[in-house]
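S.K.: Now for the letters of each chain:
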Amino acid sequence: MHIADGILPPAWCIAGHALSLGAVALLGRRVEPWEVARMGMLSATSFVVSMIHFPLLGTSVHLGLFGLTGVLLGGRAFPVIFTTLLFQALLFQHGGLLALGVNALNMGLGALAASFLWKTPGLPDAVRGAAAGFVGTYLPALLMVGEFQAAGYGKGFAAIAAVYLAVAMVEGALTATAVTFVRQAKPALLESR
Amino acid sequence: MSGAFVPVEGCRWATLDSRAKIIGLMGGALAISAAPSLLVLGVQLGLAGAVVVGSRLSWRWVLQRCALVTPFAAMMAAFLAFERAPDYAPSLLVLGKAYGSVLVLGMLVASTPVPELVAGLERLRVPSVLVVTASFTYRYAQLLEQEWARMDRARLSRSGRTGRQVAWGPRLAALFVRSWDRAERVAAAMTSRGFTGTLPLGQARPLHVGDYAFAAGLLLLGLPLLFA
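Protein chains in written order, with the numbering used here: chain F, 1 to 193; chain A, 1 to 228.
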C-alpha cells in the first residue's frame with residue numbers, strides 16, 4: 001500500500017506533501033506537552049508493529065493499524081501516521097520520500113474515517129472497532145487504486161483492491177479484539193479522545 | 001531493526017549539513033521522477049550514478065536498497081506494459097524513475113543519522129509537531145521492539161508453543177496499553193523537568209561552500225529537463 005518514488009507524477013507528489021503537511025499542522029496544533037510523548041510512543045508502536053509480516057493469499061502483508069491509531073488518537077492520528085511512514089520510507093524503503101505526502105494523505109484519511117466511525121453511538125465496541133479497522137485499511141487501498149487509475153496505470157488494480165479486502169477484514173477483526181481488550185484492561189484509553 | 005537506525009560507515013557525504021542534503025537530494029529525486037523520456041532519464045541516471053560512486057558506498061548496499069523497491073516497481077511496470085502494449089517505453093521509464101529515486105534518496109539515509117535528519121527538518125521549518133513526534137518515535141522504536149520480544153519470550157515460556165501465533169488482537173492491544181502507560185510516565189517525568197512540548201535544538205553550524213555545491217550539483221539533475 002506504500003507508493004514508491006517515481007510512480008506518480010511529480011506535481012502530485014508536491015501537492016501531496018503540501019496537503020499532508022498542512023493537515024499535520026492543522027491537526028497537530030496546540031498539542032499539549034503530555035500529548036507529545038503519547039503521540040511519539042504510538043508512532044513508534046505502529047512502526048514496530050508494521051514490521052510484523054504474515055502470509056495472506058500467497059503474498060506477504062504487514063499490519064498497518066491505521067484504524068486502531070485513529071480510534072486511540074482521533075485527529076492526532078494524522079501527524080502520527082505521517083511520522084510512522086517517514087521512518088518506514090527512510091529505514092526500510094517502504095514507500096518513497098517523494099510519495100510520502102500522498103501516502104500520508106491516503107492512510108491518514110483512513111485513520112480519520114476510522115476515528116469518525118468509532119464515535120458512532122449505540123453500537124457495541126467490537127462492531128465499531130471492526131468497522132474502524134476495516135475502513136482504516138480499505139479506504140487507503142481504494143484511494144491508492146483510484147490514484148493509479150487516474151495516473152494512467154490501467155484498471156488492473158481492481159484485483160489489488162480485492163486482495164486488500166482480505167487484508168482489511170483481518171485488520172477489522174484485529175481491531176475489534178484489540179478494542180475489546182483495551183476496554184477491559186484500560187478503558188480510559190478509549191475515552192481520551 | 002536496530003541496525004537500520006545507523007548510517008552507513010564511510011559515506012563521503014556524511015559530513016555535509018543535513019539541510020543541504022535534504023534539499024539537494026529531494027530536488028534531484030523530483031527531477032528524476034519528472035523525466036519525460038528514456039533519453040533524459042538515462043542522462044539523469046548517469047549523473048545520479050556519479051553521485052553514488054562519489055559517495056564511496058558499497059555496491060552491495062546500493063543493490064540491497066534497490067532490491068527493496070523491486071516488487072512494487074516491477075508490479076507497476078507490468079501493469080503499465082499490459083495497458084500500453086506494444087509500447088513498452090512507459091514501463092521502462094517507471095522502472096528507471098523508481099530505481100533513480102532510490103539511488104538518490106538512499107544517499108540521504110546512508111549519510112545522515114536520524115537525529116541529524118530530524119534537526120535538519122526542523123531547521124527547514126516543517127511543522128514542529130512532526131519534528132517532536134519523529135524524535136520520540138526514534139527514541140522509542142528500539143525500546144518497543146525489545147518490549148515485543150519480551151512479550152514473545154513470556155508467551156513462549158508460558159505455553160511452550162513455537163508454532164503459529166495466536167491471539168494477535170490482544171497481543172497488539174497489550175503492546176499499545178504498555179506503550180501508553182510508559183508514555184504517560186515519560187510525559188509526567190518530562191513535564192516535571194520543564195518540558196513545554198518542543199525539544200531544544202542545538203546551534204546549527206553555518207552552511208559551507210561544500211554544502212551549497214552538493215545541493216546545487218544535485219539540483220543539476222533537473223537540467224536535462226530543460227532540453228527535453
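Source of the hints: derived by calculation from the structure; they are not laboratory data. Accuracy of the hints is not assured; some may be wrong.
Lysine to aspartate or glutamate pairs mimicking EDC-like chemistry, simulated, CA-CA at most 16 Å apart [what the hints assert, rightly or not]:
(1) F:K155 to A:E83
(2) F:K186 to A:E83
(3) F:K186 to A:D181
(4) F:K186 to F:D125
(5) F:K119 to F:E32
S.K.: All hints are to be evaluated individually against the structure, with a verdict given for each.
M.R.: These are the hints, each one checked on the structure:
{"no.": "1", "hint": "F:K155 to A:E83", "result": "8 Å, holds"}
{"no.": "2", "hint": "F:K186 to A:E83", "result": "51 Å, violated"}
{"no.": "3", "hint": "F:K186 to A:D181", "result": "10 Å, holds"}
{"no.": "4", "hint": "F:K186 to F:D125", "result": "14 Å, holds"}
{"no.": "5", "hint": "F:K119 to F:E32", "result": "22 Å, violated"}
The structure does not agree with the numbered hints 2 and 5 stated previously, though it agrees with the rest.
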